[in-house]
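Student: Chain by chain, the residues:
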Amino acid sequence: MAVSSGPVTGSLRRDDGLLRRIVTHRADYAYVLPALVVMMVVIAYPIWFTVDMSFYKTPASLQLRDRTFVGWKNYHTILTAPAFWSVTLNTLIWTVASTFFAFLLGLGAALSLHREFAGRAVLRAILLIPYVISAVAASYLWKWLYHSDFGVIGALSVQWGFTDKPINFLDNIHTALPSLIVVNIWREFSFAMIMLMAGLQTVPEQLLRAAQVDGANAWQRFWHVTAPHLKGVSMVTVLLLMVANFNSFIVPWLMTGGGPAGASDIWITHIYQIAFGRQNWGLASAYSVILFIVMMCLGYFYVQALTRGDKGRPE
Amino acid sequence: MSGRVDGWRWAGRVFLVLILLFTAVPMVWMLLTSIKSQFAAMQYPPQWWPKEPTLENYTKLLDPTNPVGNDFLRYMWNSFYVSLATTVLGVAVAVPAAYAFSRFRFPGRTFLFFAVLLRNMFPAVVFLMPLFILMRWLGLVGTHGSLILTYLTFGLPLSIWLLKGFYDNIPIQLEQAARIDGATRFQAFLLIVMPLSVPGILATSIFSFIGAWNEYVYAATFLNRQDQLTLPVGIQRFFAEFATDWPGLMAATFLMSVPVVVLFLILQRYFVRALTEGAVKS
Amino acid sequence: MAKVTLENVVKTYGPVTAVGDVSFTVQDGEFVALVGPSGCGKTTTLNLIAGLIPISGGNIRIGDKLVNDLDPKDRDIAMVFQNYALYPNKTVAKNLAFPLQMRRLPKDEIARKVAEAARVLDITHLLERKPRELSGGQQQRVALGRALVRDPRAFLMDEPLSNLDAKLRVQMRTELKRFHQDLKATIIYVTHDQLEAVTMADKMAVMNGGTLQQYDSPKNVFDHPVNTFVASFVGSPAMSLVPLRRVVEGDAVALAGDGWQMPLSPANARKALSAKSDTVILGARHSTIALHDGPREGAVPGRVYTVEPTGDVTFVQVHVDGAIVIASLAPDVAVRSDTNVWLGFDQSRMHLFDCETQMALT
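Protein chains in written order, with numbering that gives the first Met the number 0: chain A, 0 to 314; chain B, 0 to 281; chain C, 0 to 361.
Worth double-checking, as some hints may not be accurate.
Stated by the list, open to error - Below, simulated DSSO-like cross-link-like pairs (lysine-lysine); rule was C-alpha separation at most 27 Å, straight line: (1) A:K142 to B:K50; (2) C:K176 to C:K218; (3) C:K64 to C:K93; (4) C:K176 to C:K202; (5) C:K275 to C:K2; (6) A:K164 to B:K59; (7) B:K59 to A:K142; (8) C:K183 to C:K64; (9) C:K2 to C:K183.
Stated by the list, open to error - If we take Cβ atoms under 7 Å as the criterion, some of the chain C residues that face chain B in the derived model are: (10) A49; (11) P71; (12) M78; (13) N82; (14) A84; (15) N88; (16) P98; (17) M101; (18) R102; (19) L104; (20) K106; (21) Y214; (22) F314; (23) C354.
What the hints contain is simulated information worked out from the structure, not anything from laboratory work.
Glycine is no exception: its CB is placed at the ideal position from the N, C-alpha and C atoms.
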């Protein structure tokens, strides 16, 4: 809107100032109030509660009146426990490897599916099914595939001569975590595929033609035209995958429960064990708070990636 | 030149075949296992193709007179009931909120964005304990109400965000025209905007339904009576008792996945749109 | 139909003034065009009249009724939007019926009025189609039909022709003018295209930067622009504006450029003397400038930059003292680029503007 420096007369009802704006728009809030109240109760309250609990020792009964204040002790316990660092390393491997391979497979699938061909829609639908079904279903399905005696993967690896006898994938400290990562990739790569396919549609056809006219080969066209257009959506996809992987609980919990000997224990399963296994609520809360902080850092990058891509959107 | 292009295209095809195998083989194996007898499934080396295919695992699960089937059908009904209630209530709350976020310029629009973000950021597990205490205080522990309330609120920010994207795409001039044609603001919303936002509401509903149908963590914590369990928790507890009945478990897993896959296949277009909404600018 | 009055209308968004102190009266049955570049506040003004956005100050009357705080539905006006805003899920017939249904007219009367409007606009054969199945021109007619299906007190139109292709736009322009004459309708018409305003409107309101610059008949706006903005906005090609030095020697006043002087007629001399500074802007429309191939008494030297033949007239852009002056020639006169020419300005039809205030000197 153009700004006028001309004289302004008449009865002015200027609507500046936050409070004034809230008052002027009070009717609008009627539409969102139910949503806001519910969200405050179920999101803001638990965060506050968790932070508060992390400074207390609470009895297994979870009766809040019996808790005792312990200050930073819970945090100290966590950071000095040797398990913390092995769990952190597992979490890191789990998150980074899952994200990396899911993104890579998703990118390959998106590029291969970008060109129109008969059966493309069917293929895309099939590839998306693992993402749609519940993690519980996926966990049981893969548990059966990995089964130590009758699992099809073990049988195949023997038949094709990779091993002499079936491997007990989930009960081996070397194979447990990688096996879980494969399941995770199986579930998630099609998410990356869908996001990147949508991103590919924003690549202007004219630019690709111009590059072709300029003599760029397929790889150069991808690198100089397609890839820069995918940058924004790739950042968002990678961050969403990282957050999802960091937070995933069902697959490791149902398939290995963090075992064997903590070999596939990641933060979330660890917190769950402390809380619901050992019923050490204060310690679990302190763990959660540390996780909040890590998440906030990821969230910061997420906002950065999103708002950078958001500039074209009218405010 | 064309030779090189063909090379890339062939690489793409090979890749697609490989990734299709990676995706489909596990699911095919699940189906094959589910039509084997327990004896046939537990063999080494495995029967690659069932020698005596049987639907016994399915009939057992779907037969209400059988105790196993009775439980399974009850779990399925519970899942359906909870998911449907979550979806209907969620849409009812999200629609006016999303419309307001899309149309009105009041302070707090960015709040929504951060609410979506927070919801995505924090895993269910760390919210379990405070919400359990909250539910205990509300007297909802051990009821489906606790699940519906939890799913509803966790799904809400995303639902509003998705719906807002759809409302943003409906030209505001349509409502202005309606208001000039004699409609009140509310009539313009009800008579003009609502019919146009059906695809958005469908997309949001699928997300909400699938999310509720698949949820495990809260259901495992908030419910305690056997007859209340939803499918993801139900089949776990159920088959913990018969740990070796893999064909039965595969059949149950298959049946559990059918509704969401069917829903997804029918409304695929909206699902994909909802997934990518907001992250991709065209 | 009714008259529409704006008194000191203001619209602010926080510290930003979108419309500042705009006043004008549209008489009953008048066709008024609100023109200006994009962002000048013309659409905001229209939306204020429609009641789609609340007014921050001043008064708006439709007829004798103060409508400041009335809902759009209670203002009894019709509006045609730039993107037509046809309800995409309703057929043409239902689109036309909607305003009548909202006013709870009996079914048979609705049917009668829809049929009548469709007949007038020649869209009867389209009644059962959905908007997306129509061409741009057809959508435009339906939008118009939805406005005239009832008898509003005024029609508001927001760039209704700008989405049409050039040929259709000219045709619809004629039809709109005819429609106005037949209905004796009060029409307020927003456009960024000054040609539309000049050809159709009884009066035009030229806006810039949220304020009203000039409100008058197209002829008066064309012949007597109040400032350099109006002068350069109205008319195509735009009026040429050349800042020059004012030279006073005794009674004689002249405008001076680089190495030349143009003596002014007594009337123009008086105008030039009223300027606040020594720089005066000379304004001239192409049709008032004569082009000579040699020096003449009072003619100004320049150098041809480009020559643009359009068929029935040839426009010549000439560099004069660092500015571009556009003159027109009969198509059979040959001029080449980069040749020296002399421009003769018609003293009785030239305009002089104050360089400081940019206002016309009178």
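Student: Run through the hints listed earlier and report the numbers of any the structure violates, in increasing order.
Tutor: When the structure is compared with the hints, numbers 3, 5, 6, 19, 20, 21, 22 and 23 turn out to be violated.
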